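Colleague: Single-letter residue listing:
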Amino acid sequence: GAVVSQHPSWVICKSGTSVKIECRSLDFQATTMFWYRQFPKQSLMLMATSNEGSKATYEQGVEKDKFLINHASLTLSTLTVTSAHPEDSSFYICSARSTSGAEGETQYFGPGTRLLVL
Amino acid sequence: AQTVTQSQPEMSVQEAETVTLSCTYDTSESNYYLFWYKQPPSRQMILVIRQEAYKQQNATENRFSVNFQKAAKSFSLKISDSQLGDTAMYFCAFTAGGATNKLIFGTGTLLAVQP
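Line by line, the protein sequences give chains A and B. With the numbering used here applied, the first sequence covers 1 to 118. With the numbering used here applied, the second sequence covers 1 to 115.
So here's chain B without its partners, still in its complex pose (with noise of 0.2 Å):
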């Protein structure tokens, strides 16, 4: 079975500063795709950012970056320069794709930025 952890239930960071959120998961898959999405207090969750296990390279999109190693299944979000409106529970979650595509989920970690 498919399984997805994240071993930080609440992180905090002050704005300005670096923060590294942790994802590891599990799986017997060759190919799959990874996840990070947000969930501010509005409660719609958001497309962070997106990884295919086929690629090498870490996705990144302007201050989220993500560190693929996936020898290790391990699957960290790093965001820089951290603002106000990152404040929100963030979910790491896993896909192998195909007809039912289902995502699997973390528990979350809730990311507080202090100003």
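So here's chain A without its partners, still in its complex pose (with noise of 0.2 Å):
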């Protein structure tokens, strides 16, 4: 149980473009979903966090307009990497909380998403 994907797994785009990565929890209800970035050999940097039906919330230092979240459902959240640059490529990293019971304050990893932005 508590299957978290991530489509697609690795996306090489065109500076300028835009690129949609899917979040998806398979086998439980998410009213919670985190996106987050990490750069090689370094630790997780929560990007938003969103709450499905709701608008999302971001970190300190993150554009809004450039990293849109959707969080239509309780089984699935998007981000949108508008207007890509070569400095966004990076590991991206969705994450999705049960919505209740013992396990609800537990966090579930997709497997994370390769963006290259030439």
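It should be emphasised that the hints constitute simulated quantities derived from the structure, not laboratory data. Here the structure is a predicted model, which is why all the values come from computation and not from measurement. Some hints here could point you the wrong way.
[What the hints assert, rightly or not] Label-pair distances were calculated between CB atoms; the ranges are:
#1 SER18(A) - ASP81(B): 46 to 54 Å
#2 VAL3(A) - SER7(B): 48 to 56 Å
#3 SER5(A) - LYS78(B): 30 to 38 Å
[Stated by the list, open to error] From the structure, some residues in chain B lie toward chain A, with a derived Cβ separation under 7 Å:
#4 ARG43
#5 ARG50
#6 GLN51
#7 THR95
#8 GLY97
#9 PHE105
#10 GLY108
[Unchecked claim] Derived lysine-lysine pairs resembling DSS-like cross-links, with alpha carbons at most 27 Å apart:
#11 LYS41(A) - LYS55(A)
#12 LYS41(A) - LYS102(B)
#13 LYS66(A) - LYS102(B)
#14 LYS55(B) - LYS78(B)
#15 LYS70(B) - LYS55(A)
#16 LYS70(B) - LYS64(A)
#17 LYS70(B) - LYS102(B)
Glycine included, each C-beta is placed from N, C-alpha and C at the ideal position.
Using the supplied hints, reconstruct the complex from the two chains, each of which is provided in its own coordinate frame.
Modeller: Here is the structure:
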């Protein structure tokens, strides 16, 4: 149980284009999903928290107009990198938190998406 | 502010031996949750073990166990009978739970299991 998928697993795009990354909780409902960015050999950096049906909460320094987050259902959140530039190249990871129960405070992670902007 | 500190950037252990990874944290919360996540070369974050602060008993999951010292704010991970597949980056993480449920991560410990 507690499986989170991410699609695509990797993407290469040209500078100036937009890229959408999907995050799905496959076997549980997630009221809250999180988006992280990870640079090589570093820890995870939280970008934003999204709750189903409401606007995402962005961390300080994260451009909300560049990183659009939509959490349309209890099993799906999307991150769109708009007008991507080479400095946006990174590893993006989502996580989902179960709605209830003893595991309600546990975040389960997707496999990540490698983004390369040329 | 809540912080998580992992003071061992890298560690090495022989296959079948036991290794302990250290983690300390700082918080003023009385109830919270602590986690160890593993990130192998595939970069998939995998939950290893979870500890609720209100539980005095140390959590165990097969070969993995924790030594939770609430007063000392310490949360170490012991891996017994180390296997080659345990080679990974290990992250200690903290959350106070609640509406935002943000995870605060340590900087990680890179564990290499040697054959």
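Colleague: Confirm or reject each hint.
Modeller: These are the hints, each one checked on the structure:
| no. | hint | in the structure |
| --- | --- | --- |
| 1 | SER18(A) - ASP81(B): 46 to 54 Å | holds (48 Å) |
| 2 | VAL3(A) - SER7(B): 48 to 56 Å | violated (33 Å) |
| 3 | SER5(A) - LYS78(B): 30 to 38 Å | holds (31 Å) |
| 4 | ARG43 | holds (5 Å) |
| 5 | ARG50 | holds (6 Å) |
| 6 | GLN51 | violated (11 Å) |
| 7 | THR95 | holds (6 Å) |
| 8 | GLY97 | holds (4 Å) |
| 9 | PHE105 | holds (5 Å) |
| 10 | GLY108 | holds (6 Å) |
| 11 | LYS41(A) - LYS55(A) | violated (31 Å) |
| 12 | LYS41(A) - LYS102(B) | holds (21 Å) |
| 13 | LYS66(A) - LYS102(B) | holds (22 Å) |
| 14 | LYS55(B) - LYS78(B) | holds (18 Å) |
| 15 | LYS70(B) - LYS55(A) | violated (36 Å) |
| 16 | LYS70(B) - LYS64(A) | violated (38 Å) |
| 17 | LYS70(B) - LYS102(B) | holds (20 Å) |
In summary, the structure is inconsistent with hints 2, 6, 11, 15, 16 from the numbered list given earlier, while agreeing with the others.
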